[in-house]
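K.L.:
Listed below, chain by chain, are the residues.
There are 2 protein chains.
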Amino acid sequence: MLPGPTNVPNRVMRAMLAPIINHRSDDFVELYTDVVDKTQQVFETKNDIVALSASGTGAVEAGVVNLVKKGDKIIIPVNGEFSRRLSQLIEGQGGNVVKLETPPGENSTFDQVKEAFDNNKDVKAFYVVHNETSTGTMVNYLDKVSDLTSRNDAFYVVDSVSLLGGAPLPVDKWNIDVCMTGAQKAIAAPPGISPISVSAKAKKYMIENPPSTIYFNLARYFKFYDGEKHTPFTPALPLLYAYREALSIMLEEGLQNVFKRHKVCSDALYTGLSAMGLTPFVKKEEDRSISIVALNYLDGLEDKTFRSTLADKFKVLVAGGFGDLKGKVFRVGCMGEVSPYHVMRTISAISSTLAMMGYDVDAKAGLKTAEEKLKAL
Amino acid sequence: MLPGPTNVPNRVMRAMLAPIINHRSDDFVELYTDVVDKTQQVFETKNDIVALSASGTGAVEAGVVNLVKKGDKIIIPVNGEFSRRLSQLIEGQGGNVVKLETPPGENSTFDQVKEAFDNNKDVKAFYVVHNETSTGTMVNYLDKVSDLTSRNDAFYVVDSVSLLGGAPLPVDKWNIDVCMTGAQKAIAAPPGISPISVSAKAKKYMIENPPSTIYFNLARYFKFYDGEKHTPFTPALPLLYAYREALSIMLEEGLQNVFKRHKVCSDALYTGLSAMGLTPFVKKEEDRSISIVALNYLDGLEDKTFRSTLADKFKVLVAGGFGDLKGKVFRVGCMGEVSPYHVMRTISAISSTLAMMGYDVDAKAGLKTAEEKLKAL
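Chains as they are written, first to last, in the numbering used here: chain A, -2 to 374; chain B, -2 to 374.
Keep in mind the hints are simulated off the structure, nothing from the lab. Please note that a few of the clues may not be correct.
[Claimed, not checked] Each computed DSSO-like pair below joins lysine-lysine, with the alpha-carbon atoms no more than 30 Å apart:
| no. | chain 1 | residue 1 | chain 2 | residue 2 |
| --- | --- | --- | --- | --- |
| 1 | B | 365 | A | 67 |
| 2 | A | 310 | B | 66 |
| 3 | B | 70 | A | 66 |
| 4 | B | 111 | B | 365 |
| 5 | B | 365 | B | 281 |
| 6 | B | 70 | A | 67 |
| 7 | B | 111 | A | 66 |
| 8 | B | 281 | A | 67 |
| 9 | A | 70 | B | 67 |
| 10 | A | 198 | A | 170 |
| 11 | A | 67 | B | 301 |
| 12 | B | 226 | A | 66 |
| 13 | B | 200 | A | 325 |
| 14 | B | 301 | A | 312 |
| 15 | B | 66 | A | 200 |
| 16 | B | 301 | A | 220 |
| 17 | A | 121 | A | 260 |
| 18 | B | 67 | A | 220 |
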């Protein structure tokens, strides 16, 4: 139950055993075009897809270095580790960042974003972290942003590393120019493949204004794909096979069913754990993440003892807080394979761990309310 | 018999099935410190090691963006696709490149390198591609270069993506500051992990002068490793397991034995194929690569038909020429698992393919001379 890398189904693990092939062969073209096609289905887009052999941060970096040039004005909400990192990357490229800062666990509102667009007509792009893994916060107005970006003729870039596949993010419908994710989160593949989608408008810009480096230079990837359906560099083949298998599993289940399962499971986790007296870190319900359930520790509850008891006695792994939140919150991943079984077992294990540590929690209330919520599936 | 990615032993493939773990856990620390330790043994160094989740090009880029700043003078021999790419990367960072250009298949001599150092006292670094995959050329004076780099107080950087592990490259003995390779060549792991070694002097420089990007910013990797033995970003876990297993296999065989096996096998390939009338593309014997055996096509021999017959009828995969050499040469990988069996079967299959295509080649001479050479093992 980590906030990624998440559990990987055996079917996906076994896909890695396919033979190592020549990445300049017809076999590779078949594999990679299928990867692109299935990624397009999950991103709900007809845009170009590049599946980078790198972690999610690599895809995020690609989303920045191919678009941001010195002096470009960029609007970006910042309220946690990953949005701060994204902002630093943009500044590293010489971007002139208009930061909409809010405290961890709170999102900028759509009105604040709109105001920033009103005050910065010359904005080049809007960058946003869809789901802030460090705090379990999720932005819920991404459907409305393209009204602003299209009005100001700005690029719209979404870092959805820790959520895409777990909640709706229809790239074409919402007019997202560049969208990045990682395979090891809601898609439930092993870490190491990070796909990115690029609109025709952004692609044109990238080809005309390539960065000075190579590995994340997307123009190179377009050239190889548009030519012979190859990648410019040797890709991480076993991970590509695994990633394709994970996408197949999602598409077999049906995207809408996958989204619903994620939503219902996280609802059940929030409700069940709240009923046991644990409070969600994110106060406003509409700001809470579907894939990362962050909870405040009870008074005096020691992070390391709690998480190691949970792991050693019950083999349930959760993550601690990030940065300033270390020791103050813990985070339960709700992504990929997550199912009612995972939810019930996690609530059960947390209640038992708390009991062993001397806390008097109402396990029955937690389990019953969660079970109730799970009936929606 | 590709020039990478190469065959991966089953033992290495199966290592990928280890469970996906938390990359902030003690289990990960155990895995990653072991990866670092075994990489140090194969690099013959006590220097810092970073195992990047990226292809070899990623490690090469890291070796450039962390050292080269605008205006820095860099000496680099250029005689093929990969040395040209390295040179472009350096220029992309604003480096002032002193190129020692030679035709494909020929190396700059040590005297030419020495002359470049004599004429450029202010050189910041010497970059060299150890083994030019595109032409099957190998530089054989890397042991002597540190006399020059230490005299001029320059960094010494070796891109050994397609050879390290297949031939001696003792990083500490030869005073190499930065050395990069890829897991999918002589180490015989799947592609996707690319290790890099960094001397204390280069590490200090990198920490004090970090690049503006994140994914290949080695200072971040040092900080996480020196702190908690972690990596800054989610690593490609299954590939790390596989890479560790491949290193273990090499160390069990013994590095010197691995080097000898590569040398004897490539000797046998050059000799056997020459005895059948195929001429090595690289004229000077001392310039020929140990891991990539490049051969000129016989007059009128069509690349695509030759390679597809070899693949379809005999399941032996070799690569064509690169860039300008397309259709003129073919390249046989001699790396990783390569053994007398692979050599004999390749020569046999090539002789049969040539016979099927109507060429009158002396298969017996090819097989007998190769067999003779292989007795050295």
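K.L.:
It remains to establish, for every hint, whether it holds in the given structure.
P.N.:
Checked hints:
{"no.": "1", "hint": "B/365 - A/67", "in the structure": "violated, 64 Å"}
{"no.": "2", "hint": "A/310 - B/66", "in the structure": "violated, 52 Å"}
{"no.": "3", "hint": "B/70 - A/66", "in the structure": "holds, 25 Å"}
{"no.": "4", "hint": "B/111 - B/365", "in the structure": "violated, 42 Å"}
{"no.": "5", "hint": "B/365 - B/281", "in the structure": "holds, 23 Å"}
{"no.": "6", "hint": "B/70 - A/67", "in the structure": "holds, 25 Å"}
{"no.": "7", "hint": "B/111 - A/66", "in the structure": "violated, 39 Å"}
{"no.": "8", "hint": "B/281 - A/67", "in the structure": "violated, 48 Å"}
{"no.": "9", "hint": "A/70 - B/67", "in the structure": "holds, 24 Å"}
{"no.": "10", "hint": "A/198 - A/170", "in the structure": "holds, 15 Å"}
{"no.": "11", "hint": "A/67 - B/301", "in the structure": "violated, 46 Å"}
{"no.": "12", "hint": "B/226 - A/66", "in the structure": "violated, 35 Å"}
{"no.": "13", "hint": "B/200 - A/325", "in the structure": "violated, 35 Å"}
{"no.": "14", "hint": "B/301 - A/312", "in the structure": "violated, 54 Å"}
{"no.": "15", "hint": "B/66 - A/200", "in the structure": "holds, 28 Å"}
{"no.": "16", "hint": "B/301 - A/220", "in the structure": "holds, 22 Å"}
{"no.": "17", "hint": "A/121 - A/260", "in the structure": "violated, 34 Å"}
{"no.": "18", "hint": "B/67 - A/220", "in the structure": "holds, 28 Å"}
Checked against the numbered hints above, the structure violates hints 1, 2, 4, 7, 8, 11, 12, 13, 14 and 17; every other hint is satisfied.
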